[in-house]
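S.K.: Once you've looked at the hints, dock chain B against the given chain A.
Residue numbers (numbering that gives the first Met the number 0), protein chains in the order written: chain A, 0 to 286; chain B, 0 to 111.
Keep in mind that a hint or two might mislead.
Simulated restraints, written as ranges between beta carbons of each label pair [stated by the list, open to error]:
# : chain 1 : residue 1 : chain 2 : residue 2 : range
1 : A       : Ser141    : B       : Glu12     : 40 to 46 Å
2 : B       : Glu109    : A       : Ser141    : 25 to 31 Å
3 : A       : Ser173    : B       : Lys1      : 50 to 56 Å
4 : B       : Ile111    : A       : Glu229    : 53 to 59 Å
5 : B       : Glu100    : A       : Lys88     : 44 to 50 Å
6 : A       : Pro227    : B       : Glu12     : 43 to 49 Å
7 : B       : Leu14     : A       : Thr224    : 57 to 63 Å
8 : A       : Thr89     : B       : Leu14     : 56 to 62 Å
9 : B       : Lys39     : A       : Ser278    : 50 to 56 Å
Keeping only pairs whose Cα atoms sit at most 27 Å apart, straight-line, the calculated DSSO-like set for lysine-lysine is [what the hints assert, rightly or not]:
#  : chain 1 : residue 1 : chain 2 : residue 2
10 : A       : Lys88     : B       : Lys1
11 : A       : Lys255    : A       : Lys157
12 : A       : Lys255    : A       : Lys47
13 : A       : Lys53     : A       : Lys153
14 : A       : Lys153    : A       : Lys110
15 : A       : Lys47     : A       : Lys201
16 : A       : Lys59     : A       : Lys110
17 : B       : Lys1      : A       : Lys201
18 : A       : Lys285    : A       : Lys157
19 : B       : Lys45     : B       : Lys103
20 : A       : Lys88     : A       : Lys110
21 : A       : Lys47     : A       : Lys59
22 : B       : Lys106    : B       : Lys45
23 : A       : Lys59     : A       : Lys201
24 : B       : Lys103    : A       : Lys73
25 : B       : Lys60     : B       : Lys45
26 : A       : Lys88     : B       : Lys106
27 : B       : Lys106    : A       : Lys73
28 : A       : Lys201    : B       : Lys103
29 : A       : Lys255    : B       : Lys1
30 : A       : Lys269    : A       : Lys285
31 : B       : Lys39     : A       : Lys59
32 : B       : Lys103    : B       : Lys60
33 : A       : Lys53     : A       : Lys157
34 : B       : Lys1      : B       : Lys103
35 : A       : Lys73     : A       : Lys53
36 : B       : Lys45     : A       : Lys73
It should be emphasised that the hints constitute simulated quantities derived from the structure, not laboratory data. Remember, it's a predicted structure, so these values are computed and weren't measured experimentally. Beta carbons: idealized from backbone N, C-alpha and C, even for Gly.
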Amino acid sequence: MQIAVASGKGGTGKTTIATSLALSLASDFDVWYSDCDVEGPNGHLFLKPEITQKSEAVIKIPEIDPVRCSLCSKCVEVCQFHALAKIGKTILVFPQLCHGCGSCTWNCPEKAINEVPNPIGMLETGMTNTGMHFSQGVLTISEPMPTPIIRQLKRTIKPSENSIVILDAPPGASCSVVETLRGVDFALLVTEPTPFGLHDLKQMIGIVTEMRIPAGVIINRGGDTFSPLEDLCSDFHIPILMHIPFERRIAAGLAKGLTLIAINPDYSQKMQDIYRHISSILASNKG
Amino acid sequence: MKLLISAQQPELEGLIDRRFGRSPWFILFDTDSDSWEAFKNPGVEKSGGAGVAAAQFAVDKGVNVVISGDFGPHASNAFHVAQIEMRLFTQDVLHVNQAVELFKQDKLPEFI
Numbered sequence: 000m001q002i003a004v005a006s007g008k009g010g011t012g013k014t015t016i017a018t019s020l021a022l023s024l025a026s027d028f029d030v031w032y033s034d035c036d037v038e039g040p041n042g043h044l045f046l047k048p049e050i051t052q053k054s055e056a057v058i059k060i061p062e063i064d065p066v067r068c069s070l071c072s073k074c075v076e077v078c079q080f081h082a083l084a085k086i087g088k089t090i091l092v093f094p095q096l097c098h099g100c101g102s103c104t105w106n107c108p109e110k111a112i113n114e115v116p117n118p119i120g121m122l123e124t125g126m127t128n129t130g131m132h133f134s135q136g137v138l139t140i141s142e143p144m145p146t147p148i149i150r151q152l153k154r155t156i157k158p159s160e161n162s163i164v165i166l167d168a169p170p171g172a173s174c175s176v177v178e179t180l181r182g183v184d185f186a187l188l189v190t191e192p193t194p195f196g197l198h199d200l201k202q203m204i205g206i207v208t209e210m211r212i213p214a215g216v217i218i219n220r221g222g223d224t225f226s227p228l229e230d231l232c233s234d235f236h237i238p239i240l241m242h243i244p245f246e247r248r249i250a251a252g253l254a255k256g257l258t259l260i261a262i263n264p265d266y267s268q269k270m271q272d273i274y275r276h277i278s279s280i281l282a283s284n285k286g
Numbered sequence: 000m001k002l003l004i005s006a007q008q009p010e011l012e013g014l015i016d017r018r019f020g021r022s023p024w025f026i027l028f029d030t031d032s033d034s035w036e037a038f039k040n041p042g043v044e045k046s047g048g049a050g051v052a053a054a055q056f057a058v059d060k061g062v063n064v065v066i067s068g069d070f071g072p073h074a075s076n077a078f079h080v081a082q083i084e085m086r087l088f089t090q091d092v093l094h095v096n097q098a099v100e101l102f103k104q105d106k107l108p109e110f111i
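Extracted from the complex, chain A is given alone in its bound form:
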């Protein structure tokens, strides 16, 4: 089963939930935690894995052979990302705009395009001392495109049939979140009872609805009832799976690098309950 932990708004507690959920299940299941927040992966701070393998994440960008190129401009026309321009007697390549789709190479009538690897970051995999598989993508600073590295990171995960994959999604509601959500069985949406949390949860619900991914909500840093959030969930028939209260003890523990279940072991059982709840939702969807 693949579960993505996403939020829309940043700083609502995705990594808090994802790491504790993963740890709570690790004694009974083969768990694969993967930090897809490649612009700022921080799950490693809590899980403290031993990284045993590092490889470069690359995208293949075009390199034009000026001898073969007839300057027909076909590559420029087919590139929907405008990573190519025909300027005088040269075809200019803009590597930071290239998504590595290969359309230019495919369409070049002169076979004048070679694809050369352009490194954009690192893929790191290993294990935690609790026996959990760990992986994270690290996008190189100033590289603008997180989606290829997320795609390649997800390919490093090799679950068996009964494994549980937990994807710690990036914040926001853009391409990198969609890339993380692609193919998952369930989206766990972490939010907070504020207008910002509400606004961004709406966006996330829009995405999971469009992608037909069943979802549940965790309201973090709660306290008094914030009815717009609960109304939104009930309008879209999205269950609220857990409330985590706003507690100084939790904030202080997280700031020290402790996981939620280390701060309060009761959450271990609660996380297992959430997993069972998700399993039953998925089972009833199938039936």
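M.R.: Just chain B now, kept in the frame of chain A:
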């Protein structure tokens, strides 16, 4: 000489746009004939690569000078290669025709 000026409206007397890649319109002004024409910026609706798309448009139109409030790294790179001159609006420029006049008087600073 052909000037391309980023504009908010398809009018010579219209407001300039200080953005290059994302400006909705371009005014192409020919200083030899004092004639002008407005074009939609093909870059404006792109999710990415707007600067390159707009620069490609300028190159294809055979302009000699582009005038805007600023040029991003991709567009300016393309213009350097194309040897197209980049000039900047001064603070007092509001309308396209003002930019044309100031260019003729060589009062618009170069983009470096």
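S.K.: Broken hints, numbered, in rising order?
M.R.: 3, 5, 7, 8, 11, 14, 15, 17, 19, 21, 22, 23, 24, 26, 27, 28, 29, 31 and 35
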